[in-house]
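S.K.: Sequence:
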Amino acid sequence: MKLHTTFAEHRFAKPALALAITAGLLGGCNSGSSSSSLDNGPTPPVVAKAATPIQHVVVIFQENVSFDHYFGTYPNAANPTGEPAFTAAAGTPVVNNLQTPLDVTKSFAALRVPSLLTANPTTLNTGNGVNAINPFRLDRSQVVIADQDHDYQAEQMGFNGGAMDLFPASLGAGNSAAPQVLTPPLNTNGLTMGYFDGNTVTALWNYAQNYALNDNSFGTTFGPSAPGAINLISGQTNGVIATNLSASQAGNYAAGDGYYGELSSDGVGGINLAGDAQPLNDACMTRDAAQLSGKNVGDMLNAANVSWGFFQGGFDLTVTNANGTTGCKRSTTSAVTGVTKADYIPHHQPFQYYASTANLKHARPSAVTAIGNTFQADGKTVDPANHQYDIHDFFDAVSAGNYPAVSFLKAPGYQDGHAGYSDPLDEQAFVTQVVNFLQKQPGWSNTLVVIAYDDSDGFYDHQASPILNPSNNTTAAAAFTSNGLTAPGVADALNGPGVCKTNGPGSSQGTPTALSGATGKTSAQGRCGYGPRLPLLVISPYAKTNYVDHTLTDQTSILRFIEDNWLSGQRIAGSYDAIAGTLTNMLNLSGTPSTAKLILDPTTGQPAAGTTSKKL
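Numbering (our numbering), first residue to last: 38 to 653.
Please keep in mind that the hints were generated in silico from the structure rather than gathered at the bench.
Predicted, not measured: the structure shown is a model, and the values here were computed from it.
Some hints here could point you the wrong way.
[Claimed, not checked] Below 25 Å or equal to it, Euclidean Cα-Cα: the simulated SDA-like pairs (lysine to any residue) are: (1) Lys398 to Ala414; (2) Lys477 to Gly628; (3) Lys86 to Gln413; (4) Lys398 to Asn339; (5) Lys634 to Asn113; (6) Lys581 to Val536; (7) Lys477 to Ala87; (8) Lys581 to Pro151; (9) Lys581 to Lys558; (10) Lys417 to Thr406; (11) Lys86 to Gly480; (12) Lys143 to Thr588; (13) Lys581 to Ala147; (14) Lys86 to Lys417; (15) Lys558 to Thr588; (16) Lys398 to Asp336; (17) Lys86 to Thr619; (18) Lys477 to Ala646.
Could you put the whole structure together from the sequences, leaning on the hints where they help?
M.R.: In structure tokens form, the structure reads like this:
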């Protein structure tokens, strides 16, 4: 049994001790792929070379934040006494947010409308009733807030055809129990209108000052965490081929029960994952679950022999935390909020949905040197971890000089930023520790860190998304059949019952009909997007400084960068990657990489010892 060490201790742990894997443990914890010796195994192919100076991409994929929820008044913070101060550099670009809304149809010129902070359209829609409220500032004492509704259909209803004025009625949820603050407006559905500024999300604002921020980036589709995570790696949520739907579940459909809002028909004989069903047969599976077909970027990286891994807090079931929890019940209590949350959350691990990349039993890697690789050191024996690891494995590997080309990082639950159980301050501690660590590594000079989010949590954002992939799933059309049982599915609702199409003045439609699904059949319904606007930042010696990018992007823009950098521009069938915008406008790939470093304090988010940034 391994004992838990702190995050900081993991960073400097001796790799041999940190892994500490016995043959007995490996023998009793098999992955979905074979770990036996392949006597006549294929010779590994030549490693694909990067097309740009970027040799390492690290994606920090956080939870449940709309753009305006974190950047609604950027770069202007209230700076009250007792909170970490933030002052923007002179010449900071204007951002499309609550304070300075821009017209996306007129080259992001200033939009002359009544103040979104004091005369918000939400207050004018009588459908919001007593919960109609203007956006309001949340401070550092109010970081524990309720999770909002962010289901596929509910988000479309909140958008109200692009008017963006039904968030309290459709998505809002007020605080209901301690340690949440139980006073108005925090205990009303108007909580959806709350936002943080640079006195709370200080680190992210400092990263925006010193690197590049995109204010025109969206969730690939509407919906919650699992679709967002899957879109990140495959660009589509189509192709469900197996579920654990049983007769006892069929017919028991109310909000929050069983398969309600989880799956939907694609209209051409297939099924989409629209909600947070867990990966089928994951060792930590506790409820409704599904498996997907089709390719993901892991399959493509394997074919090109490019090292990669998904690193998630709590994935290592052999660790025992300081509180005595272990296995699937590993948990951590936040020192900030006092909330206890499981470290590993199955539906946040997208590669577990695909048989080709799953490590369903959470088998451990054979050695630190095997992390990121398909084979063990002999080049023939398949490594049992199958590229799926714990977050501590990332620090162990990089510290040992084994830095994967592509790394996806997922914080343990209490640090992932998800409202209801995590918070911006614990999230800040995780993000800064990762970025601080990477800046001290030899490979930093050719690293690109991307900070992105899986969904908006249902928090208000004023900017309607362009619908590049329409859908027309009515309630009847969304019904699906699995395991011989027919059940209702989730329907579209952006422009009325069963309709999700171009919305808002000047919005463009990317495709006249829906993209094909995982099986290649045309016009697969039930994946309407883009969804809500989300934060997107890049941190790199090659990132532009104090730059705000207006390029239209989505979660698959990250996928597309990986495909273009290592995979000669390959695309995944039925994926949004074919229409995704580029990240390269946030970078200066032909220039000399900066040697400046921005080391931030994990608690305050302010510059700490070791900072050489020219901006702070």
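S.K.: Run every hint past the structure and note whether it holds.
M.R.: Structure-based check of each hint:
For the proposed pair Lys398 and Ala414, the alpha carbon gap of about 22 Å is at most 25 Å, so the pair holds. Taken as a hint, the Lys477 and Gly628 pair is honoured in the structure, with Cα atoms around 22 Å apart against an allowance of 25 Å. Taken as a hint, the Lys86 and Gln413 pair is honoured in the structure, with Cα atoms around 21 Å apart against an allowance of 25 Å. Between the alpha carbons of Lys398 and Asn339 the distance comes to roughly 20 Å, so the proposed pair stays at or under 25 Å and holds.
Taken as a hint, the Lys634 and Asn113 pair is honoured in the structure, with Cα atoms around 23 Å apart against an allowance of 25 Å. Taken as a hint, the Lys581 and Val536 pair is broken in the structure, with Cα atoms around 39 Å apart against an allowance of 25 Å. This hinted pair checks out: Lys477 and Ala87 have alpha carbons roughly 22 Å apart, not beyond 25 Å. As the CA atoms of Lys581 and Pro151 are separated by approximately 32 Å, the hinted pair breaks the 25 Å bound.
Restraint check: the Cα-Cα separation between Lys581 and Lys558 comes to about 41 Å, which exceeds 25 Å; the hinted pair is violated. Pair hint Lys417 plus Thr406 holds up; C-alpha atoms about 15 Å apart against a cutoff of 25 Å. Between Lys86 and Gly480, the direct Cα distance comes to roughly 16 Å. Compliance with the 25 Å bound is thereby established for this hinted pair. The suggested pairing of Lys143 with Thr588 holds, with an alpha-carbon distance near 13 Å, which does not exceed 25 Å.
For the proposed pair Lys581 and Ala147, the alpha carbon gap of about 23 Å is at most 25 Å, so the pair holds. For the hint pairing Lys86 with Lys417, the CA-to-CA distance comes to about 22 Å; that is within 25 Å, so the pair holds. Straight-line distance between C-alpha atoms of Lys558 and Thr588 comes to about 30 Å, which puts the hinted pair past the 25 Å bound. Simply put, Lys398 and Asp336 have alpha-carbon atoms about 19 Å apart, close enough for the 25 Å limit, and the pair holds.
Our distance criterion of 25 Å between C-alpha atoms is met by Lys86 and Thr619, whose separation comes to about 20 Å. Restraint check for Lys477 and Ala646: satisfied, since their Cα atoms lie roughly 12 Å apart, inside the 25 Å limit.
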